[in-house]
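Engineer: Given chain A, put chain B in place with the hints provided.
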Amino acid sequence: MEKNDKLLESIIDNMNDAIMVFDLEGKLLLLNAEAKRTYSESALTTLSALHEQYLYTDLEGNQLTLEQHASTRAFRGEKVKNEKVVVKPKGKDKGKGKQQIIEMNASPIKDENGQITSIVMVYRDISEQMNNQRQLLEAEREKNEALENALKMKDDFLATITHEFRTPLTVINAALQSIDKLYGQELTEPVKKYLQRIKVNTFRQLRLVSNLLDITRYNAGHLKVNPEDLDIVLLTRSIVQSVDLYAKQKGVDLKFYSDTEHCETALDEEKYERILLNLLSNAIKFTPKDKRIAVILSIKDEKAYISVKDEGIGIPKSKQKKIFERFGQVDSLLTRQAEGSGIGLSLVKTLVKGMKGSISVESDYGKGSTFTVCLPIVKPKTSPPEATLFEGQDGRVIKAVAIEFSDIYLD
Amino acid sequence: MMLPGKIKVLVADDNKDFNDILSEYLSCQENIEVVATARNGRDAVEQIQATRPDIVLLDMIMPDLDGIGVLQALHGLPASKLPSFIMLSALSNEKLIQSALELGASYYIIKPFDMDILVNKIYQIAGKRASMTETA
Numbered sequence: 154m155e156k157n158d159k160l161l162e163s164i165i166d167n168m169n170d171a172i173m174v175f176d177l178e179g180k181l182l183l184l185n186a187e188a189k190r191t192y193s194e195s196a197l198t199t200l201s202a203l204h205e206q207y208l209y210t211d212l213e214g215n216q217l218t219l220e221q222h223a224s225t226r227a228f229r230g231e232k233v234k235n236e237k238v239v240v241k242p243k244g245k246d247k248g249k250g251k252q253q254i255i256e257m258n259a260s261p262i263k264d265e266n267g268q269i270t271s272i273v274m275v276y277r278d279i280s281e282q283m284n285n286q287r288q289l290l291e292a293e294r295e296k297n298e299a300l301e302n303a304l305k306m307k308d309d310f311l312a313t314i315t316h317e318f319r320t321p322l323t324v325i326n327a328a329l330q331s332i333d334k335l336y337g338q339e340l341t342e343p344v345k346k347y348l349q350r351i352k353v354n355t356f357r358q359l360r361l362v363s364n365l366l367d368i369t370r371y372n373a374g375h376l377k378v379n380p381e382d383l384d385i386v387l388l389t390r391s392i393v394q395s396v397d398l399y400a401k402q403k404g405v406d407l408k409f410y411s412d413t414e415h416c417e418t419a420l421d422e423e424k425y426e427r428i429l430l431n432l433l434s435n436a437i438k439f440t441p442k443d444k445r446i447a448v449i450l451s452i453k454d455e456k457a458y459i460s461v462k463d464e465g466i467g468i469p470k471s472k473q474k475k476i477f478e479r480f481g482q483v484d485s486l487l488t489r490q491a492e493g494s495g496i497g498l499s500l501v502k503t504l505v506k507g508m509k510g511s512i513s514v515e516s517d518y519g520k521g522s523t524f525t526v527c528l529p530i531v532k533p534k535t536s537p538p539e540a541t542l543f544e545g546q547d548g549r550v551i552k553a554v555a556i557e558f559s560d561i562y563l564d
Numbered sequence: 025m026m027l028p029g030k031i032k033v034l035v036a037d038d039n040k041d042f043n044d045i046l047s048e049y050l051s052c053q054e055n056i057e058v059v060a061t062a063r064n065g066r067d068a069v070e071q072i073q074a075t076r077p078d079i080v081l082l083d084m085i086m087p088d089l090d091g092i093g094v095l096q097a098l099h100g101l102p103a104s105k106l107p108s109f110i111m112l113s114a115l116s117n118e119k120l121i122q123s124a125l126e127l128g129a130s131y132y133i134i135k136p137f138d139m140d141i142l143v144n145k146i147y148q149i150a151g152k153r154a155s156m157t158e159t160a
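Quick note, the sequences are listed as chains A and B, same order.
Residues 154 to 564 (our numbering) make up the first sequence, in order.
Residues 25 to 160 (our numbering) make up the second sequence, in order.
Next up, chain B with everything else stripped away, as it sits in the complex:
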């Protein structure tokens, strides 16, 4: 069961090139709409609250507020208001991964990665979210 309308995705990554390429790639997918992009953590938090995306693709190392900081900033919100997070990072430090997952991230994908795997995960999470709102 897919969400009504397209899956709203927010891309937060401080690398402009990567942010652009990833956003374009996702926008070309049938059921995905990139509703906003952010180049730092603080902006990401604001955009998440303003655009209410379903899924946030979150870089770990960003200026102002890093990925962990973004997760912490939104940690207190009720689950229904929270997007799902997929962490994207070149860092494969076990402690970092663990803390991101503990703070509620759905997946931690190590860069570089196959973008179709990411797309599949986005559909998977969106499917789960849809079935949860149905039962709720």
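Isolated chain A, as found in the complex:
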């Protein structure tokens, strides 16, 4: 028996937790070596002495009264488990040691009648663990900051590059327009033909640069949607009409059908236009002469379905999934995406997703394809007014080049 007691004592003394047992009057009955090491001797007499010399607070820094303290609650019969508390010596001649974060456990000890006779308190020092955790979080935060900085630098770099790329293209474009308008009559037919090729390829280059920037911007999560209250039927019709000339020049019949006359919804006009123009540009490009393209708008269950149906060359089954493939994170992929299938259907998909919609394709190889965009109808009143980016901009920003359609009849 005595041997067992000795063994138990040695086990308790070798524990890293401070263990203290108090009787009903709050007098210290028993303590282990770790408790002796950690707390001042004069404090290790009664619970009130301990509270006299040490300040207990929760992790937010709120002071714990003796009433809230685990020991008092254990006397009332409560079992306190792993409560995180900060213990700090009150200073001067009070307490010893330094501030600790502890996990506090307290349990009542009962006699055979179930009466509480004493309580046992176990303090586990978790300062180091908490500090490690804090350091990890700090490191994580720093890492995120560095990443954000890198992304911002990448954005700035891309803006600069875009500007640099566009500047010579602007000069070439202006020179071409001048030749055309000012000296057009002096040109021979072969020269005109060559100039046309220069023009088309200038636009192609410009489109590549624009798409490159868009893809990178959207990849970095900069897709801002600015919905305005619009009539989607009217808007779709006018977009289709705006490219009718291109279709006619290619000998393709382009028609717009809608099952609804008007439908007000909150829509980002610019992005919607880009989606539709891209789909139409592809359709016109891949549809041979004398064939048809239909744009069909239908409203069903609070959703707008916009289909661009062509009688073009179609897409083989094996490629249907790939045409929408998400942008890779690897930058070397960017060029391919920017040119890709005409104008980057992945960009279209990103735009559609940004507008909380979806896009799908059905195609019979050799017979034609149908791209269908589904967008939620957002009742005008529910659209947040602050989402509009430029207030009072009313058409003062001019993008005067329809680059989407610039090289349609090249092939």
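Because the hints were derived from the structure by calculation, they are not lab data.
Everything numeric in this text was worked out from a predicted model, so none of it was measured.
Treat the hints with care, as some may be off.
What the hints assert, rightly or not - Stretches of chain B that chain A covers, calculated by requiring three or more beta carbons in the stretch to come under 8 Å of a beta carbon on chain A: (1) 48–54; (2) 110–123; (3) 128–136.
Stated by the list, open to error - For each label pair, taking beta carbons as the anchor points, the in silico distance ranges come out as: (4) B:K119 x A:L289: 45 to 53 Å; (5) B:K40 x A:K401: 34 to 42 Å; (6) A:E281 x B:N117: 19 to 27 Å; (7) A:D454 x B:D88: 31 to 39 Å; (8) B:S51 x A:E301: 46 to 54 Å; (9) B:Q96 x A:K472: 34 to 42 Å; (10) A:L340 x B:N144: 19 to 27 Å.
To be verified - With a straight-line Cα cutoff of 30 Å, these simulated DSS-like cross-link-like pairs (lysine-lysine) come out: (11) A:K296 x B:K119; (12) B:K152 x A:K352; (13) A:K532 x B:K119; (14) A:K509 x A:K408; (15) B:K119 x A:K502; (16) A:K377 x B:K30; (17) A:K305 x B:K119; (18) B:K40 x A:K424; (19) A:K234 x A:K249; (20) B:K40 x A:K345; (21) A:K307 x B:K152; (22) B:K119 x A:K506; (23) A:K237 x A:K249; (24) A:K401 x A:K352; (25) A:K424 x A:K305; (26) B:K152 x A:K334; (27) B:K119 x A:K334; (28) B:K40 x A:K334; (29) A:K346 x B:K40; (30) A:K456 x A:K442; (31) A:K509 x B:K119; (32) A:K334 x B:K32.
Glycine included, C-beta positions come from ideal geometry on N, C-alpha and C.
Structural biologist: Same frame as chain A, now just chain B:
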């Protein structure tokens, strides 16, 4: 109602080639006269004060003083002494556009652009300016 005489335009762009081509193109228009060109912002401010153009075509990125800087430098002048500004820039950064418009620019045209659209805007603004001086 057109202004009496030709519309006086100043072209401010640091790219010499573009500045030359645009100036020539505009000079060939019936009612437009390019009164001066500038290749940096500081020069633009001086030329604007010296030549009193109706319309300034202003590039955003220029040495010495950028487009925004030019707008700020002239911001305090009374409206009757101020030309109208059309910004021309390859930058389509929303914040930049917004600050140019807030500083009073009439239009912000993203480069490259169709020069006839620019010519139309010049006539439009000139028409507005003429009707304003009439009512004043």
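Engineer: Taking the hints in turn, state whether each one holds.
Structural biologist: Going through the hints against the structure:
Under a criterion of three residues with beta carbons nearer than 8 Å to beta carbons of chain A, the stated coverage of the segment 48–54 of chain B is upheld, 3 such residues being counted. With 7 residues bearing a CB less than 8 Å from a CB of chain A, the segment 110–123 of chain B meets the requirement of three and the coverage assertion stands. Judged by the Cβ-Cβ criterion of 8 Å, the segment 128–136 of chain B is covered by chain A as claimed, because 8 of its residues qualify and three suffice. Judged by the Cβ atoms, the range 45 to 53 Å given for B:K119 and A:L289 is violated: they are separated by roughly 36 Å.
Judged by the Cβ atoms, the range 34 to 42 Å given for B:K40 and A:K401 holds: they are separated by roughly 41 Å. Between A:E281 and B:N117 the Cβ separation comes to about 48 Å, which falls outside the hinted range of 19 to 27 Å. Checked against the given bound of 31 to 39 Å, the beta carbons of A:D454 and B:D88, roughly 59 Å apart, lie outside it. Hint check: B:S51 to A:E301, Cβ distance near 49 Å, so the stated range 46 to 54 Å holds.
At roughly 53 Å, the beta carbons of B:Q96 and A:K472 sit outside the given window of 34 to 42 Å. Separated by about 25 Å at the C-beta atoms, A:L340 and B:N144 satisfy the suggested range of 19 to 27 Å. Our distance criterion of 30 Å between C-alpha atoms is met by A:K296 and B:K119, whose separation comes to about 28 Å. At most 30 Å may separate the alpha-carbon atoms for a hinted pair to count; B:K152 and A:K352 exceed this at roughly 34 Å.
Distance hint between A:K532 and B:K119 is fulfilled; the C-alpha atoms sit about 29 Å from each other, no more than 30 Å. Between A:K509 and A:K408, the direct Cα distance comes to roughly 27 Å. Compliance with the 30 Å bound is thereby established for this hinted pair. Between B:K119 and A:K502 the alpha-carbon distance is near 26 Å, which keeps this suggested pair within the 30 Å criterion. Restraint check for A:K377 and B:K30: the C-alpha separation of about 43 Å exceeds 30 Å, so the hint is violated.
About 15 Å separates the Cα atoms of A:K305 and B:K119, which keeps this hinted pair within 30 Å; it holds. The hinted pair formed by B:K40 and A:K424 fails the criterion: a straight-line CA distance of about 35 Å is larger than 30 Å. For the hint linking A:K234 to A:K249, the alpha-carbon distance of about 25 Å falls within 30 Å, and the restraint holds. This hinted pair checks out: B:K40 and A:K345 have alpha carbons roughly 26 Å apart, not beyond 30 Å.
With a C-alpha separation of about 42 Å, the suggested pair A:K307 and B:K152 falls outside the 30 Å cut-off, and the hint is violated. Between B:K119 and A:K506 the alpha-carbon distance is near 24 Å, which keeps this suggested pair within the 30 Å criterion. For the hint linking A:K237 to A:K249, the alpha-carbon distance of about 20 Å falls within 30 Å, and the restraint holds. For a cut-off of 30 Å, the pair hint linking A:K401 to A:K352 stands: about 21 Å separates their Cα positions.
For the proposed pair A:K424 and A:K305, the alpha carbon gap of about 23 Å is at most 30 Å, so the pair holds. A C-alpha spacing of about 27 Å is found between B:K152 and A:K334, which places the hinted pair at or below 30 Å, so the restraint holds. This hinted pair does not check out: B:K119 and A:K334 have alpha carbons roughly 34 Å apart, beyond 30 Å. This hinted pair checks out: B:K40 and A:K334 have alpha carbons roughly 21 Å apart, not beyond 30 Å.
For the given pair, A:K346 sits about 28 Å from B:K40 by alpha-carbon distance, which is consistent with the 30 Å threshold. About 33 Å separates the Cα atoms of A:K456 and A:K442, which puts this hinted pair outside 30 Å; it is violated. About 25 Å separates the Cα atoms of A:K509 and B:K119, which keeps this hinted pair within 30 Å; it holds. As the CA atoms of A:K334 and B:K32 are separated by approximately 21 Å, the hinted pair is consistent with the 30 Å bound.
When the structure is compared with the earlier hints, violations turn up for hints 4, 6, 7, 9, 12, 16, 18, 21, 27 and 30 and for no others.
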